[in-house]
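Can you make the complete structure from the sequences, with help from the hints?
Number of protein chains: 2
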Amino acid sequence: MKVVIIGAVAGGASAAARARRLDESAEIVLIERGADPSFANCGMPYYIGGEIESREKLIVTSAGMLHDRYRLDVRVRQEALRIDRQAKTVRVRRLENGAEYDESYDKLILSPGAAPIRPELPGIDHPKVYTLRNLDDADLLHAATMGAKRAVIVGGGFIGVEMAENLVRRGVETTLIERNDQILTPWDAEMVAPAAAALRSAGVTLKLGAEAEAFEPQDDGGVTVALKSGEQLSADFVVMCIGVRPENALAKAAGLAIGERGGIRVDETMRTDDPDIYAVGDAVETFDSVTGKPTQIPLAGPANRQGRIAADNCFGRESRYRGTQGTAIVGACGVTAAMTGLSEKACRRLGVAFEKVYVHPASNAGYYPGAEGMTLKLVFDPENGRVLGAQGVGGKGVDKRIDVLAMALQAGMTVYDLEESELCYAPQYGSAKDPVNMLGFVAAGLLRGDHPVEHAHRLLDCELGDSFVLDVRSPGEHAAGAVPGATNINIDELRERLGELPKDRRIVAYCKVGMRGYLATRLLRQHGFDAVNLSGGFTKYERFVAARAEATPKMAPSGR
Amino acid sequence: MKVVIIGAVAGGASAAARARRLDESAEIVLIERGADPSFANCGMPYYIGGEIESREKLIVTSAGMLHDRYRLDVRVRQEALRIDRQAKTVRVRRLENGAEYDESYDKLILSPGAAPIRPELPGIDHPKVYTLRNLDDADLLHAATMGAKRAVIVGGGFIGVEMAENLVRRGVETTLIERNDQILTPWDAEMVAPAAAALRSAGVTLKLGAEAEAFEPQDDGGVTVALKSGEQLSADFVVMCIGVRPENALAKAAGLAIGERGGIRVDETMRTDDPDIYAVGDAVETFDSVTGKPTQIPLAGPANRQGRIAADNCFGRESRYRGTQGTAIVGACGVTAAMTGLSEKACRRLGVAFEKVYVHPASNAGYYPGAEGMTLKLVFDPENGRVLGAQGVGGKGVDKRIDVLAMALQAGMTVYDLEESELCYAPQYGSAKDPVNMLGFVAAGLLRGDHPVEHAHRLLDCELGDSFVLDVRSPGEHAAGAVPGATNINIDELRERLGELPKDRRIVAYCKVGMRGYLATRLLRQHGFDAVNLSGGFTKYERFVAARAEATPKMAPSGR
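So the sequences go chain by chain: G and A. According to UniProt numbering, the first sequence holds residues 1 to 560 in order. According to UniProt numbering, the second sequence holds residues 1 to 560 in order.
Everything labelled a hint here was simulated from the structure, so no lab data went into it. One or more hints might be untrue.
FRET-style restraints, in silico, Cβ to Cβ [to be verified]:
1. G:D273 <-> A:E383: 49 to 59 Å
2. G:R77 <-> A:P452: 50 to 60 Å
3. G:R200 <-> A:P475: 49 to 59 Å
4. A:A353 <-> G:D139: 50 to 60 Å
Cβ atoms here follow ideal geometry from the backbone N, Cα and C, with glycine treated the same way.
Written as structure tokens, this is what we have:
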């Protein structure tokens with residue numbers, strides 16, 4: 001058996017190692033266009049920023065080691081030019097000297113990855129307009145930051161945000177421009193407002209709703225970024241981080257099926273429509289494990305799993321990919337944003353019925369030093385309570401809760417299961433009622449009809465008609481900032497002051513994070529009032545106000 | 001409806017708050033023997049040690065606040081003396097003046113907790129022999145640590161370990177004695193060896209297999225602890241942490257059913273055998289959610305959930321407790337030990353068939369600064385791969401992985417599901433193949449027969465007959481320490497040196513943590529050798545050697 005693998009990072013490397021473990025006698029050839037197989041591409045921004053000091057740390061493994069340990073035939077700086085599916089050969093070019101040869105295969109695994117998008121804008125070919133894909137790029141950017149004063153990052157996705165954190169760490173005055181009205185667009189806007197705030201606090205100039213339209217050379221060797229708004233940003237260099245495009249040219253030319261958004265089509269065994277050709281990683285169109293719909297998610301975890309599965313199937317092992325649930329995490333200057341499954345906006349886009357709740361718990365017991373706050377959002381099926389997705393933002397412990405919720409999603413668990421989850425508790429690590437339990441309580445209570453909720457964006461959009469807005473916090477909290485027009489009655493006095501409330505209007509009760517509002521809702525409903533709780537309280541309301549302030553006026557609010 | 005709740009901490013407080021949310025008109029009376037309702041008992045060791053500076057932080061809520069917000073009638077410093085089930089009254093004594101009265105109830109919820117065990121040893125009533133249950137105890141211990149030079153802690157469970165950490169933090173020379181041959185007995189011995197080592201590194205004198213038999217007063221007001229071994233330990237004070245006993249006197253006197261180990265018997269609704277009396281928290285016998293067998297687990301999380309469920313059922317809501325899975329965590333001088341579900345020894349004790357694997361991953365990508373090591377152990381069903389339990393020990397990220405595995409256990413997931421779990425990955429937070437995935441790969445590979453494993457304790461117990469022990473690490477690693485009698489062939493040279501290996505003997509291959517050993521096993525089996533991988537590698541082997549060295553000679557090894 002001879003397996004040829006094109007692309008030696010993440011998915012390709014995983015496939016190759018798995019192939020060897022499955023078959024000592026197989027011939028395994030890895031063709032890699034770059035200089036290094038299996039480098040740590042997720043670490044590159046941190047090498048550029050100096051958090052990872054040594055470049056060598058990014059080299060996960062060498063071609064020599066892959067040969068010694070796995071007897072892999074690794075050919076770096078070689079490029080696959082075309083596939084002859086009839087002859088079952090790949091045409092390969094040695095990049096050093098341009099020489100070409102044909103390599104035959106029994107099974108072919110494509111792991112070409114995805115290329116950073118470089119839009120066809122005037123001046124895009126300026127040498128100081130960088131992208132970040134491989135170690136060569138990282139070297140260029142590492143050098144560019146030395147002595148640089150100002151940089152512009154175009155695109156506020158994962159890489160854009162990580163680059164912004166790392167450029168300010170290097171002392172580079174950094175402007176991040178993002179076309180949308182929020183950074184990190186897989187998340188819902190209100191959930192990433194704290195990440196945006198953290199970038200700003202760290203010194204990043206963040207411009208939302210801003211789009212580059214041209215790059216002009218400066219006399220000093222720098223580049224001026226012209227925005228559609230007419231603004232001009234002067235920079236020593238620019239990093240384009242507006243996303244990636246699957247490297248499908250080889251597959252396309254070979255006549256393999258390609259998805260609508262450019263990903264190579266594969267089935268659950270990672271096989272393309274050619275029975276001897278598999279494809280894995282950022283280049284493929286896979287499917288969303290929640291909705292079953294096609295998706296493209298360029299992340300390392302899924303790529304590794306897919307590589308393993310493709311190798312299994314090459315060697316006749318039954319092994320199926322279960323889809324991608326979109327678990328992702330990013331650090332932004334001390335704030336962590338993490339998510340799994342469907343966001344609210346994904347539900348809307350796909351027409352999936354959902355309900356949502358927010359909680360604002362602490363990472364661990366509030367009485368133990370060092371507890372940090374977080375916001376969690378749970379999106380769930382309004383009929384049966386099944387978890388559809390979760391998002392978190394805040395300090396320590398966000399990654400833990402989203403991982404726990406990722407398991408709940410994978411297992412098809414419901415909000416009722418989250419109520420009963422038994423998680424680690426000691427005061428340094430969590431709370432006797434963990435944030436995940438709290439999500440369960442709030443969501444299950446909502447489904448049981450115990451405490452209907454209302455959402456801040458509906459208050460902001462004036463969609464709540466003549467509702468009576470009731471602030472049940474203390475007068476001091478109320479005085480420090482409140483929803484306009486709200487009446488303040490401290491929860492502790494509410495039972496004595498029921499006479500001040502209207503019986504013929506809906507009452508939207510709120511407190512700081514939702515707990516007292518929940519109690520007020522329970523109390524008022526039992527006294528015959530039509531009361532609902534403002535989900536996530538004033539904290540969430542302020543978050544929405546902030547997200548709206550970020551949004552450019554030209555964009556319509558995304559209200560429900 | 002009138003609900004009387006006896007005991008206002010954790011379970012009782014949760015029941016009371018839930019009861020009010022369910023019924024505004026109910027009369028809710030909380031009888032609490034101590035001075036404070038709902039204090040943070042899990043925080044007390046850290047207050048004594050000074051990590052929590054202010055005593056006020058331990059007061060979760062006051063009686064006044066519980067009245068104002070929840071209209072609870074909280075009666076502190078009052079003790080329930082007996083229950084008249086016919087009359088449906090409780091006899092209560094005011095501790096200040098001894099006055100007694102009867103309080104009637106419609107529903108009664110017992111949340112009396114569990115009392116620290118004070119064994120009947122000579123001198124146990126010495127005033128400097130403390131236990132730790134409530135804030136009065138914490139005050140005494142807090143005062144005792146001031147100016148104290150030496151302390152003895154009896155018992156190496158959760159509280160004993162936490163007290164040890166906190167006394168050395170206060171600069172007190174601390175000896176911890178534990179009757180068993182390991183601390184933290186819910187864990188398997190080899191899994192808590194690093195926690196014991198951390199205590200010792202921090203200055204704790206740890207004596208395993210040591211039992212106190214008497215306490216003698218010293219002239220200076222201190223106390224001498226006489227051990228069964230004849231050793232005498234001099235101390236300014238002693239803390240007894242040998243466990244707790246359910247407070248069942250009230251229930252017993254009322255004729256309610258009591259379990260074999262003293263816990264009040266309840267059904268899934270938390271109801272005792274009296275239809276109007278419920279019981280929750282540390283005082284009850286509940287059931288293990290994995291085995292379905294009776295168990296007593298005095299932890300705050302389950303107590304809170306049970307309180308909520310008891311209140312639900314008092315008010316006619318269908319709500320059932322799903323059992324306790326034994327998720328627990330403890331910090332020990334920088335090392336975290338966490339677990340969920342069944343340990344290996346619990347499986348043996350209960351006769352549950354199991355298989356087990358170990359991995360030694362890092363908390364996050366090794367190339368990112370600050371990654372910390374951990375050991376994870378997974379116990380699973382050898383037939384269908386269902387997760388039965390997990391244990392972790394090490395630095396940061398242990399709590400996260402055990403929480404993730406607690407969800408897997410709750411959901412009935414298998415090792416095959418763990419292979420496919422999609423968890424948060426960025427280099428600061430995890431690895432593209434998360435430690436949880438690694439557990440899945442190793443366990444599933446074992447069940448598929450890809451790489452049979454052997455266990456270190458069997459090597460140590462010479463149960464492996466004439467097996468050929470093969471060290472596939474580098475010569476340098478081998479020279480620095482190896483399994484006695486092992487032959488060293490670097491994995492990278494193994495294919496060329498197959499001739500040096502026996503075809504007629506079993507080969508036990510090992511490396512540092514199991515990864516190269518796995519590869520060697522795959523390689524050798526394909527070449528016709530009967531090879532197995534030493535689970536967890538030399539790291540785990542050394543852990544077993546250390547755990548054995550700790551154990552007293554009188555105890556038989558717990559070998560399989």
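Do the hints match the structure? See the list:
1. Between D273 of chain G and E383 of chain A the CB atoms are about 38 Å apart, so this pair departs from the stated range of 49 to 59 Å.
2. Separation of R77 of chain G from P452 of chain A is about 40 Å and departs from the stated range, judged on CB atoms against 50 to 60 Å.
3. At roughly 54 Å, the beta-carbon separation of R200 of chain G and P475 of chain A lies within the given 49 to 59 Å, and the hint holds.
4. A hinted range of 50 to 60 Å holds for the C-beta pair A353 of chain A and D139 of chain G, which are about 55 Å apart.
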